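Residue strings, one per chain:
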Amino acid sequence: MTVFYLAGALFLLANVVVALARVLRGPTAADRMLSGELMGTTAVAVLLLLYGATGIEALLDVALVFAILAAMAVVTFVRRTWPEDPAADDEGESR
Amino acid sequence: MRAPPSPTASDPGNGDGLMHPVEITFDALLLFSMVVLAWQGVHARNMFRAVVSFIMFGLLTAVAWVRLEAPDIALAEASLGAGLTGALLLATLGRLAPERRGARRPKVVKLSTLPWLTMGLAGTTVLLAVTLTLPAPGLGEAVLAAMPAAGVDSPVTAVLLNFRAWDTLLEIGVMLLAVIALWSLGQDVLASKPRLPAPALPALVRLLFPLFVLSTFYLLWRGGHGPGGAFPAGALLAAGLVLALLAGAQVPERMRGAPLRWALGAGLFAFLVVAVGLMWAVGTFFAYPPQHASILIAIIEIAAGLSIGVMLTALFLGGEPTDIKGGGK
Amino acid sequence: MRQFIAFEPCIDMTRLADNTGIRRFIAGLPALGARVAVLAAIWWVLTGGGASAWVWGVPAVMVAASLRPGLGSGGVWRLSLMGLLRFLPVFVWYNLRGAMEVAVLAMHPRRRPDPVLIGYPLRLPPGPARVFMANLINLVPGTLSTRLTVRGIEIHVLTASASVTRILTILERRVADLFALQLAPSAGLGSQR
Amino acid sequence: MSMLAGIVLIVLGLLFFLSGTVGLLRFPDVFTRLHALSKADTLALGLVCAGLALHEDDGALQLKLLLIWLLVIVSGATCASLIARAALAHGIRPWQR
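Residue numbers (our numbering), protein chains in the order written: chain A, 1 to 95; chain B, 1 to 329; chain C, 1 to 193; chain D, 1 to 97.
None of these hints come from the bench; they were simulated from the model.
Model, not experiment: these values are computed from the prediction.
A virtual CB, placed ideally from N, CA and C, is assigned to each residue, including glycine.
Incorrect hints may have been included.
Beyond 12 Å from chain A on every Cβ pair, some chain B residues (computed) [said to hold, decoys possible]: (1) Val42; (2) Gly120; (3) Leu128; (4) Trp166; (5) Trp262; (6) Val282.
Between beta-carbon pairs, the in silico distance windows are [said to hold, decoys possible]: (7) Arg93/D with Thr92/B: 22 to 32 Å; (8) Ala21/A with Ala181/B: 36 to 46 Å; (9) Leu117/B with Leu24/A: 13 to 23 Å.
Kindly produce the complete structure, drawing on both the sequences and the hints.
Below, the structure written as structure tokens:
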């Protein structure tokens, strides 16, 4: 059973490594942010599976912290890094 | 739960503790992606790509600490890395001039960096060799032997807030100094952007905020007997406060003066009161009597958690809160 | 009006509250109670209960229930239990279907999305139910809400088809059930843009 | 029995994670990619949580798994709209066939 969980975690990790291509390719900042979001969700799943493998309950807390902070990066991104600026509407600056 | 804790990288292959091939592959892949992300974070010529890589690196670092069977550090890394560190970098990126924001940096890797790279590799190899010759257990056994007098069940909390509480006191003092230094540089930068976000964002924050508060308390409580404690709790509280600020909340008018300063100083203040109080009551500076250690640690932990949360938020604000733009609603 | 998370049957206490402070306080009590109950339940889930957990839990729940992020009021969340029972199966089914459709579209070697932006006039009254609906749209087949305006929602549709408006209409009715609200009289079908 | 069902759910969840990644890589623009993430990934995590909950016999821990999923689903749904709105405001037009 432990091996099953570990294999699942490995699968998810490989999945994320493939998704890194989106960080490299972009093209817009939003696309890069998306892979960050994917990484966040996947990290939660990886931690849950590692919890399944080891039974250390603290891992659920780590996953919970990730889950509650899931919106943090995106919210900062849309409010600070890429705030809606009517003046810059048609050029999409930081592509 | 089910299986006993599996052997990990912390005890490389001693006898029966051999790792399963799946584990080895997992660790290798984790290491590989961390190196790639670290490289991207430092060398990516697009700034935004570098920041996203760094955030992802933080997420994977937490997983790596889990693999090293250090859930305490994993928790701290998760609460800081997934929360405030990324937010700070993204906000900083937003403050750069637009032409630099997504812009390309000058290329850093030149041929002349090759000697440095070789030296770095050589240094790492030497360090690794030295580390492997060190006696393995470190101070772990000494800590475990002293646990009965610690007042808490978690060895990490015992070290942070009892055996080496002096270090933690100084750390909190350093953080406070950082906030003071920042305040002396100028005023907060958030107040200048009062544009209202989409209605979904305040709705999300209104829903999440009580949960942030609750999990801050949860991590403080957890710190008494497991991974948790003032640092991750403070980081989580800060994340909740920053989220509220990002959703359009203002630092309330009546909180800006004395209450804010008290909150910033509460951790250091509690530490000092306990330390000096003990000198007066017991005769030794900052040595808890074992029968009261538990409650004293709890008090310090709450005060420190609050302070760390408010200090990190103040660092995010980037200056003393102003009251120029329309106050809180 | 104060913002809170409440799970209460539809006894409209706010209607009793006219202007007097005491009345408003009394009217707010069940809401505060519901908030405390929900937070206490979450505390139990987090800690697993036990005496030492509740020593911390009681102040934690009190602080969490009384602290507000200072974002004003989002309106009252008044959920109906029956509405929840009607809403959940529809949501689970649509979420499954949405994920399946996206998965097939992503995996299929030749099929490509055929996206279009549409406007959907909302019949839900303004307030938390609208925001809830806008978020929900992101989880059901083929739709992604982009902007919430006074009139309705602008939606990015993954593959243009007639079933989208039907799904949205069903979903909107279930959300109205969940929030124990009446839908406004039909405002016509979604207009293509 | 619940062991087997849990394994099936987790495997399904992993497949949905995979499809989310494939969508992220193959879809033509940021909006379509948002579709892939917001639907496939949230459901995938839900399936993994459900699978683990079936292997669990402590009620509080099962509910904790549910709480984790709810947090991710709420954040994910909101963030999808936030990014889409920001992208439109920055003049990124949806890709069209």
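Here is what the structure says about each hint:
1. Look at Val42/B: its CB is around 14 Å from the nearest CB on chain A, clear of 12 Å, so calling it non-interface holds up.
2. The claim that Gly120/B lies off the interface holds: its Cβ sits roughly 24 Å from the closest Cβ of chain A, which is beyond the 12 Å cut-off.
3. For Leu128/B, the non-interface assignment is confirmed: its Cβ lies about 24 Å from the closest Cβ of chain A, beyond the 12 Å cut-off.
4. No Cβ of chain A approaches the Cβ of Trp166/B within 12 Å, the least distance being about 27 Å, so the stated non-interface status holds.
5. Distance to chain A confirms Trp262/B as a non-interface residue, since its nearest Cβ pair spans about 27 Å, more than 12 Å.
6. Every C-beta of chain A lies more than 12 Å from that of Val282/B, the closest at about 34 Å, which supports listing it as non-interface.
7. A C-beta distance of roughly 29 Å is found between Arg93/D and Thr92/B, which places it inside the suggested range of 22 to 32 Å.
8. Between Ala21/A and Ala181/B the beta carbons are some 41 Å apart, a value that agrees with the proposed interval 36 to 46 Å.
9. Our hint of 13 to 23 Å for Leu117/B and Leu24/A holds, since their Cβ atoms are close to 22 Å apart.
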